[in-house]
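Engineer: Residues per chain, in single letters:
Number of protein chains: 2
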Amino acid sequence: MVRQKRGGLLKSTTQRNMKQLKEYLSDVEYTFAQANFSTQPPSLYDPIDYSMHIGGKRLRPTLLLIANDMFEGNTDKAMPAAIGIELFHNFTLLHDDLMDCSPLRRGQPTVYRKWGNNTAILSGDTMFALAWQHMLQVQSPNLMQALQCFNQTAIEVCEGQQYDMDFEQRADVSIDQYLMMTHKKTAALLVGALKIGALLAQAPADDIAHLETFGHHFGLAFQLQDDLLDAYGDTPQFGKATGQDIIDCKKTYLPLRSLELATGADMRNTLLKLMDKQHPLSAQQRVQQTMQIYNSLDIASHTRHAIAHHFDQAAKALQHINLPETHKEPLHQLLLTLHDRKK
Amino acid sequence: MVRQKRGGLLKSTTQRNMKQLKEYLSDVEYTFAQANFSTQPPSLYDPIDYSMHIGGKRLRPTLLLIANDMFEGNTDKAMPAAIGIELFHNFTLLHDDLMDCSPLRRGQPTVYRKWGNNTAILSGDTMFALAWQHMLQVQSPNLMQALQCFNQTAIEVCEGQQYDMDFEQRADVSIDQYLMMTHKKTAALLVGALKIGALLAQAPADDIAHLETFGHHFGLAFQLQDDLLDAYGDTPQFGKATGQDIIDCKKTYLPLRSLELATGADMRNTLLKLMDKQHPLSAQQRVQQTMQIYNSLDIASHTRHAIAHHFDQAAKALQHINLPETHKEPLHQLLLTLHDRKK
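Chains as they are written, first to last, in the working numbering: chain A, 1418 to 1760; chain B, 1418 to 1760.
Same shape as in the complex, but just chain A (with noise of 0.2 Å):
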């Protein structure tokens, strides 16, 4: 098959059929599934393998693997890199849910809540450096441009949390800091899993920067889907109870937008000691108010129509893509699914 040359003087005769997005999410189901990470001692890593097996959309190997695949890399030889991201992936995961003291994690108990604190700590970190091992184990002419690209990411990815945790404690968080922290905490890992499919496939550099404007927006479609879900979700279709942002005070899109959008400073007022952890309120009083706040300024409208923006501004930079469609055909299938999402 001949590849759509740059510059569009040479195109190829005969399009090339990608898979169906099912097809390469059941790809790499199949792998985790043969997956066995418990070796010695299964004090650190019977846990490991606990995380890798409980389920999880594998949303970021799946990209991986679709990106490699566009460029007509060699999915095979991309699939210890897509291993590898799942695996940092899962370590952030148990960190964060310690951080965050998550009792439940699809569905199941956390690894702290399971084994405790300090296997939680250590078999995250002999995650991370098994993300690694993954990593290293890739055959590309680009691996080092893999390999500083993951680091990268990692770096952001940590500065994520960070600045999440940080803004716990803020009442200033403007909605520009909150799009820079859930680019780094979210979107950074969706791009990074794109740059590294399309780096290994040697896919050129103007095309690996469209792909990292549709993952960046890809993930802040994303999470703004999650913050509208947890006030407005179908508790049964959701999975988890509605409110559970308003009740721990998370400056997510829908209290920034509201104080934005608040009508006079009585609104606003209100507002803010809503999302202030000291407020006297029970938590479905809480709960209560906030929302009929939200209501009282469809904020759930305002919300959509971010989240539209966002899709819209990943689908312009897929149409920049050098490629033929039927090459971008699984990541506009991921986008229309993620559109209607209801959990």
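Calculated from the structure, these hints are not laboratory results.
Just to be clear, a hint being listed does not mean it is correct.
Identical chains share a label here; the pair holds if one copy fits it or two copies do between them.
Lysine-lysine pairs mimicking DSSO-like chemistry, simulated, CA-CA at most 30 Å apart [claimed, not checked]: (1) Lys1694 x Lys1531; (2) Lys1494 x Lys1745; (3) Lys1531 x Lys1436; (4) Lys1733 x Lys1474; (5) Lys1436 x Lys1694; (6) Lys1667 x Lys1531; (7) Lys1667 x Lys1745; (8) Lys1745 x Lys1690.
Chain B: place on chain A using the hints.
Structural biologist: Positioned in the frame of chain A, the structure of chain B alone reads:
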């Protein structure tokens, strides 16, 4: 200068003068004194900068540079790896201090005591990523081998810490198991530092193997000295109160060797009870009774004998390295310095 060739066909006519051990140490000190790890957000990076500037022996970066210089590497080019290995070491200290609830490190409050548990976890994670960032800056044809070595070392160190924690809960630890744990927890990183330095200088594989043996025995000797000093150190020189390992029921070389040497089941049972955290005696009484047994068995001599054995093995490994003796001088100096250490 002509490097001594393999097989002795061509000897170097002029002996190269290596720097003195203290010169390598002061090069490393100078580099760390200049280094600034503080950036945005300060809540994440200030604890990293603090941890990198409260001192320490800087043993690992020094070993890396010496090994590099022995084989006539470019130590300026190896410096990022030396910084990386110290970042990695300090990352493990941040997490170990939290896991072991240690209030002080180098006479200063530990990071988790100063900034809280979450900071110790996340700043530690970031230091691990920064260690990689520095490693990836190195320019060398052998960089991939050095990165593989670094990663394998990191995994061993995590396993060592886990075995150490596991052994605290077990009564049946053998000396072989203790030495295996000590190799992973302490010696592996010294070995890693030496190997990375030598790899970056493109040292021959058999010389790297001798360095590995040197680092292994050097690390074990170092740890057994620590074990001995905890019971028999001169407190003002040692810098901390003796007997802490006994109070913490740490299964170090001293109690494990005492169990082997114990004359009769009674002494053995008394020792096992003294090593049990549930023992009803006060800390002071426990130290006193344990020291009585140690003295009656002359455990200090037995431990000194084991230390001397490992120093001898390290010195022998150094002899086997196919380099002019002057090139090995700094490592000889290091052995001598540590042989006589009182703290």
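Engineer: Of all the hints given earlier, name the ones this structure violates by number, lowest first.
Structural biologist: 3, 5, 7 and 8
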